[in-house]
Amino acid sequence: MKDYKGDRIRNVGVVAHGGAGKTSLVEAFLFDSGAVTRLGRVDDGTTATDFEPEEMKRKVTISAALAPCEWKEHKLNFVDTPGYADFVSEVKGSLRAVDSVLMVVCAVSGVEVETEKVWQYAQDLNKPSLLFVNKMDRENADFFAVLEQIRASFGNRAVPVQIPIGSQETFRGVVDLLTMKAFFSANPAGTQVREEVVPEEVMEQALQARQQLIECAAEADDELLERYLEGEELSAEEIRKGLLLGIARAEIFPVLCGSAYKNIAVQPLLDAIVDYLPAATTAVAEGYHPVTREAVTRNSQDPFSAIVFKTTADPFVGRLTYIRVFSGALKPDSAVYNASKGKTERIGNVFTLRGKHQEVVGAIGAGDIGVVAKLQDTATGDTLCDKDNPVVFLPIEYPQPMFSMRLEAKNRNDEDKIGGALARLLDEDPTLSVKKATDPVQLVVSGIGELHIDIMVERLKRKFGVDVVLQPPKIPYRETIRNSVKIEGKHKKQSGGHGQYGHVWLQIEPLAPGTGFEFHDSIFGGAVPRQYIPAVEKGVREALQGGVLAGYPLVDVKVTLTDGSYHTVDSSEMAFKIASSLALRKGVLQAKPVLLEPVYNLEVEIPETDMGDIIGDINSKRGRILGMENIGKGLGIVRAQVPLAEVFRYALDLRSLTQGRGSFTMKFSHYEELPQRIAEQVISSSKKDKLAEEG
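Numbering (our numbering), first residue to last: 3 to 697.
Heads up, some of the hints might be wrong.
What the hints assert, rightly or not - Within a straight-line C-alpha distance of at most 27 Å, the following computed BS3-like cross-link-like pairs (lysine-lysine) qualify:
| hint | residue 1 | residue 2 |
| --- | --- | --- |
| 1 | Lys345 | Lys540 |
| 2 | Lys594 | Lys689 |
| 3 | Lys376 | Lys345 |
| 4 | Lys376 | Lys476 |
| 5 | Lys358 | Lys264 |
| 6 | Lys476 | Lys689 |
| 7 | Lys74 | Lys4 |
| 8 | Lys588 | Lys692 |
Keep in mind the hints are simulated off the structure, nothing from the lab.
Please work from the sequences and hints to get the whole structure.
Take a look at the structure:
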């Protein structure tokens, strides 16, 4: 592939709901442009961009993949992104690297949940966008019905620049409304296009749609609008001018159509990408100076700057870092400054990727996208720049992981390898998190959803040879007491020679929730010598860790050493430690012990139409509704407090209840007493686990 200046580069993120045909469309782009010699199929696992084993197995895109090709003296950098919510980090990162978006919509299914979500991501970043109604050859395909859905969902600025000729089994081409010419596939493979006059059967529809297009284009330019309102006829070039203005400002969204699978109308779409979407040199990246924190912008003429939008961990090649260059150029055998980390990185070879195929290049110039290997300190979201002209670009915003599972090694030999392997995967995916909990001891991994975690487990095994199993996380219950009690503890043992003797009286009292633990001594007259009092406290503290009901830590307890006795020969620190531990455990059993469970503050953002279902579901989870709020755009927030035990799988429940439109955050609030029925189940389960461990 030859070198291209930024004005000849188009960086396009291909986004959609899963199953709309993004990957098939990108494959058709590569085939029609000559970048690949064979048209791969998703079902066969032969596409260029779905090359990971997990993708071929499931026949879905999991990782964003770079797919550059050449078309009419332009370089088109396509980024094929996942269409499933679990892999949203790939979409979010990719959208920061591209300058425009190609939104693929299924001609049968229409606008779906992820279509709405990725559209909003693109609009939040003010990205110019084209929409492509795919699968026009399928049964029940209906371009005009889907067009109405698009306009209802995204506004009337979504305007067709093509209409189909035929539909379903009769679909055979498209009408370009700007030039009023028809385009058909001239050979079975679809690699040749035949231009003809518009068929009579669609002429009336084409003229009506063209009028909408002219109105939309005229409204983008005051001069054109004035002439249009005065009744003047606008030329094709003038219409194009208005369209380009509106598209560049993300105010007009052209709608095209075709069939990626049959390779019909793909080449006119490539033409539209070159003609309508902005050049890479038009991008202006916003950031700040790492020291002064003053706002800084970068355009193509400025000193070198780039953002890292994706990282992959390969056990053989090492870390691969995907980079979008905004200004200057990234050259091999050079040094660049990571302004996010304050570190200098050495650059080896620079190359481009087409799926997994590497091609070494002489440089990655302003506006281009490329890859470097084996950077030491650079992670996704970092800014690379010229050290003398530093800048940090605004961070990529990722959703917080919402679904958690406990992770255990299948084999003891893998336990030592888990940490390093997980660290490599965390490099790849900012929406994964790992937490080593100590109480109870467990390794908890969190992600966006169940499929997200399952894929992580598969990659652990495939890439790093670490075999793990997933279990529900252990809940960090606590124990406390409700009554006060005074209790005696005595440890006396005689076995020849020095014996053991420790004797204490403890006053055990409940404290206010959240207080923790307090120890006091009120010994008079040396009933317990001063040197043994720390041993008494240590014995009490150790006993608190094990609880008495189900082995969970005891909290919110005050213990006072009130009396005791000692033996001048047989008393020791160990004897008093054992005596105080015995006293505490015996006393807690008499002080009405109860189990406590963690309660979390839950904030759920959902469509207002789902409010009733969400409230009902929270109530069924022993939750308490704290309030509701309308936040506009048909969305509302429900705030509640819910026991942690009820919401480990809430990410899945919420997705089901809202068809994927809801999101939530959780934060620990406090501990509450567990209802008796559930407490009995927890205690019984704990006893069984203990017997199993001992057995």
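So, going through the hints one by one against the coordinates:
| no. | hint | result |
| --- | --- | --- |
| 1 | Lys345 to Lys540 | violated (46 Å) |
| 2 | Lys594 to Lys689 | holds (19 Å) |
| 3 | Lys376 to Lys345 | holds (14 Å) |
| 4 | Lys376 to Lys476 | violated (37 Å) |
| 5 | Lys358 to Lys264 | holds (25 Å) |
| 6 | Lys476 to Lys689 | holds (15 Å) |
| 7 | Lys74 to Lys4 | holds (13 Å) |
| 8 | Lys588 to Lys692 | holds (20 Å) |
Hints 1 and 4 from the earlier list are contradicted by this structure; the remaining hints agree with it.
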